[in-house]
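J.: The primary structure of each chain is shown beneath.
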Amino acid sequence: MQHVKKQSFMKSIFLGVLFTSCSLNFAQAQVKIAYIDPLSGSFANVGDAGLKHFKEAVEVNVNQKGGVNGQMMEVIGIDNKASPQETLVALKNATDQGIRYVTQGNGSGAAAALIDGVNKWNARNPDKTVLYLNYAAVDPTLTNEKCSFWHFRFDSHVGMKIEAITNYIKTQASIKKVFILGQNYAHGRQVSEYSKNMLKAKRPDIEIVGDDLHPLGSVKDFSPYISKIKASGADTVITGNWGNDMALLIKAAKDAGLKAKFFTFYAGGLDAPTAMGAAGEGKVIQVIEWQRNQTGSTLEKYAEDFGKKYPTIDFYYARINTTIDMLALAMKNAKSNDPKDVALALENMSFKSGYGDVFMRKSDHQLVQPLHLSVFSKAGQPGVKYDVEKTGYGFKNIADMSMKDSDQPNTCVMERP
Amino acid sequence: MEFLLTTIWNGLSYGLLLFMLSSGLTLIFSMMGVLNFAHASFYMLGAYFAYQISNWIGFWPALIIAPICVGILGSLIEKYALRRAHKYGHVAELLFTFGLTFLIEESVHLIWGRSAVDYRIPALLDFSLFNVFDTSYPAYKGFMMLVSIGMLLALYLFITKTRIGLIIQAALSKPEMVEALGHNVPMTFSLVFGGGVALAALAGVIGGNAFITEPGMAAAVGSIVFVVVVVGGLGSLIGAFIASLLIGFLQTVFVSLPTTFFDLGHFLGLPIIQSSGLGKLTLTELVPLLPYLLMVGILVFRPKGIMGTRES
Chain A
415 MQHVKKQSFM
425 KSIFLGVLFT
435 SCSLNFAQAQ
445 VKIAYIDPLS
455 GSFANVGDAG
465 LKHFKEAVEV
475 NVNQKGGVNG
485 QMMEVIGIDN
495 KASPQETLVA
505 LKNATDQGIR
515 YVTQGNGSGA
525 AAALIDGVNK
535 WNARNPDKTV
545 LYLNYAAVDP
555 TLTNEKCSFW
565 HFRFDSHVGM
575 KIEAITNYIK
585 TQASIKKVFI
595 LGQNYAHGRQ
605 VSEYSKNMLK
615 AKRPDIEIVG
625 DDLHPLGSVK
635 DFSPYISKIK
645 ASGADTVITG
655 NWGNDMALLI
665 KAAKDAGLKA
675 KFFTFYAGGL
685 DAPTAMGAAG
695 EGKVIQVIEW
705 QRNQTGSTLE
715 KYAEDFGKKY
725 PTIDFYYARI
735 NTTIDMLALA
745 MKNAKSNDPK
755 DVALALENMS
765 FKSGYGDVFM
775 RKSDHQLVQP
785 LHLSVFSKAG
795 QPGVKYDVEK
805 TGYGFKNIAD
815 MSMKDSDQPN
825 TCVMERP
Chain B
10 MEFLLTTIWN
20 GLSYGLLLFM
30 LSSGLTLIFS
40 MMGVLNFAHA
50 SFYMLGAYFA
60 YQISNWIGFW
70 PALIIAPICV
80 GILGSLIEKY
90 ALRRAHKYGH
100 VAELLFTFGL
110 TFLIEESVHL
120 IWGRSAVDYR
130 IPALLDFSLF
140 NVFDTSYPAY
150 KGFMMLVSIG
160 MLLALYLFIT
170 KTRIGLIIQA
180 ALSKPEMVEA
190 LGHNVPMTFS
200 LVFGGGVALA
210 ALAGVIGGNA
220 FITEPGMAAA
230 VGSIVFVVVV
240 VGGLGSLIGA
250 FIASLLIGFL
260 QTVFVSLPTT
270 FFDLGHFLGL
280 PIIQSSGLGK
290 LTLTELVPLL
300 PYLLMVGILV
310 FRPKGIMGTR
320 ES
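Quick note, the sequences are listed as chains A and B, same order. FYI, the working numbering numbers position 415 of the first sequence as 829, with every residue one higher than the one before it. FYI, the working numbering numbers position 207 of the second sequence as 216, with every residue one higher than the one before it.
Keep in mind the hints are simulated off the structure, nothing from the lab. A virtual CB, placed ideally from N, CA and C, is assigned to each residue, including glycine. Don't take each hint at face value.
These stretches of chain B come out as covered by chain A in the derived footprint (C-beta under 8 Å, 3 or more residues) [what the hints assert, rightly or not]:
| id | region |
| --- | --- |
| 1 | 109 to 123 |
| 2 | 256 to 266 |
| 3 | 291 to 304 |
For each label pair, taking beta carbons as the anchor points, the in silico distance ranges come out as [stated by the list, open to error]:
| id | chain 1 | residue 1 | chain 2 | residue 2 | range |
| --- | --- | --- | --- | --- | --- |
| 4 | A | 506 | B | 116 | 29 to 39 Å |
| 5 | B | 111 | A | 771 | 40 to 50 Å |
| 6 | B | 67 | A | 512 | 33 to 43 Å |
| 7 | B | 137 | A | 800 | 51 to 61 Å |
| 8 | A | 588 | B | 159 | 38 to 48 Å |
| 9 | A | 671 | B | 305 | 35 to 45 Å |
| 10 | A | 499 | B | 101 | 22 to 32 Å |
| 11 | B | 116 | A | 800 | 28 to 38 Å |
The whole structure should be built from the sequences, with the hints applied where relevant.
T.: And the structure:
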């Protein structure tokens, strides 16, 4: 008897799963975007936040306005477990479902694999082409050596971010000794390479007192690195660290009483502020296209609504809105939802985003946009109206870098269909 | 001089943290012969429990209550699940604890979400203990080190000097005899397993706010605790202590060295080309490799570990 009960219980679970997956498949949406990023494992929190950003942007900016060319948009999350190999499996999964748009952002290795996969797929299936919208993978080679007609990047790459940082450092006479610390993989190496070259050109008097790489995501205690930075006499640290590597570094710096300033890419969101807390005050500077206390931002209301809908995460990826908005506009302009027409319409598109004018360059499919530097400060003071992640600290704008001040030449030789 | 002092302090504090993480694992292995893959998951549970409890009633009660809760949970798991797997041998046990890691991780996702939680150091301990030259030494680290050393002493005294400790030891080698003398052996094992995971949880309570409490924290320490236990000698408490300090110091010293392989080759008279990949590699970049190198070396030259007594 008990055995029978168990079986029927399993059956009902199975049926339940079947039903929910069916109802997803038969939803009304016609333009589907596959979101290929880690949704499990140690970077799951980052991937999960990005997915929610996409869902919200599609819902509010496209579907509530009646869709685009008579079709609704839908974002479908596919887990790539942060691995390039799994990314290709996810792409296969997407193309099997007939999905024509993919987006990905975490990890340049996965991004490179995806560009490659999309190129191959499109060569073999010219009637079912796929377009890759990159919202966060910042390896410069993706729009240089590896550039592709089927790839568009909506985030500034490492070279552009370092350009902005070093343009600011150029104006700060008090900065004399710089230490570069990064995660030991392509990203950390690129940050180091670009920083050294640009500092040499812009401020030859600055001494690079250290240049170190640490293992990705496995350092518990950064104290030895901090004591090395301290011993080097550095007054400034440049780091491309993200996730826990970012937060733990700042925590260790605070514990040891290190007074150096940190120039970072990713201190602004996805748990880094929570982990830093008071440790980062006045010390941590981020370079990003948008933060909530920026002047000229039209995303205030959006950020507030987002916070109400998803109380556990902050609105952070303003560029995801730009990605979706520009995609919808390109579809409208092209009067077609076909990836090839949309790609052509995206080229050379100027757009007024929530954080100012941006421009999608035709030659390398890289978005050119202004960048801003802001410092982690106590919320409530002038210029810091909003805090981040309910920490009581927010970011205060200290410098604006125009499109020109954050741009980089490219060497892209694009194969056009 | 300042550099030397900080390096010693950092090595010591990291080593003691490692010991705190691995003592429960080695305890469970030495007493029950179970290699608990889920050990780091209990460490994570300790951190999350402490976060929750300290939100309700503060850090200090959490310091006591969280490990006890996790300990009770561990005992129940031993009693109702692990004991059944035990009948089918070591592989079944290993697989069971391995499965447990996923179960715990997903539960944490469900209850607390995928993001980090804001678990902070208590204000009482958030000051710098002392300043040497220009470097400050945080009080919380001192507290961590004290707890770690306290753990070693308490465990050692508990096992060798108390009645329960003696029964546990006896139950390990002669369970039938101990049972015949009227002691409840299965309950003893439950107690040991619960105690072992409670130690992991205590490390979580203290490490969770010093570092970051997030669902990936178990995976981040999962492999290093095994290295400590293997290097120290499976089941040896003192061995684990020595291995922890050794790894802590080795890593800290290697991070601090600015030497590249070219310099090293130059010093040893080896022809390494400066511009080659190897020549540019710094010793700092070797740090993540060190514990594993050490483990492989130990397994080759002294398979039972530094203080181990078992050959298998």
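J.: Next, verify each hint and record whether it holds.
T.: Quick rundown of the hints versus the structure:
Given as covered by chain A, the region 109 to 123 of chain B passes the check, having 3 residues with a CB less than 8 Å from a CB of that chain where 3 are the minimum. Only when three residues or more bring their CB closer than 8 Å to a CB of chain A does the claim for the region 256 to 266 of chain B stand; here the count is 4, and the claim holds. For the region 291 to 304 of chain B, the stated coverage by chain A holds: 5 residues have a C-beta nearer than 8 Å to a C-beta of that chain, and at least 3 were required. For the hinted restraint 29 to 39 Å between residue 506 of chain A and residue 116 of chain B, the CB-CB distance of approximately 31 Å keeps it satisfied.
Range check, residue 111 of chain B to residue 771 of chain A: about 48 Å between beta-carbon atoms, so the 40 to 50 Å window is met. Between residue 67 of chain B and residue 512 of chain A the beta carbon distance is about 55 Å. The supplied range of 33 to 43 Å is therefore violated. About 31 Å separates the C-beta atoms of residue 137 of chain B and residue 800 of chain A, a value inconsistent with the hinted range of 51 to 61 Å. Range check, residue 588 of chain A to residue 159 of chain B: about 45 Å between beta-carbon atoms, so the 38 to 48 Å window is met.
Separation of residue 671 of chain A from residue 305 of chain B is about 38 Å and conforms to the stated range, judged on CB atoms against 35 to 45 Å. Between residue 499 of chain A and residue 101 of chain B the beta carbons are some 31 Å apart, a value that agrees with the proposed interval 22 to 32 Å. Checking the proposed 28 to 38 Å range against residue 116 of chain B and residue 800 of chain A shows it holds: the Cβ atoms sit about 33 Å from each other.
The structure shown violates the earlier hints numbered 6 and 7.
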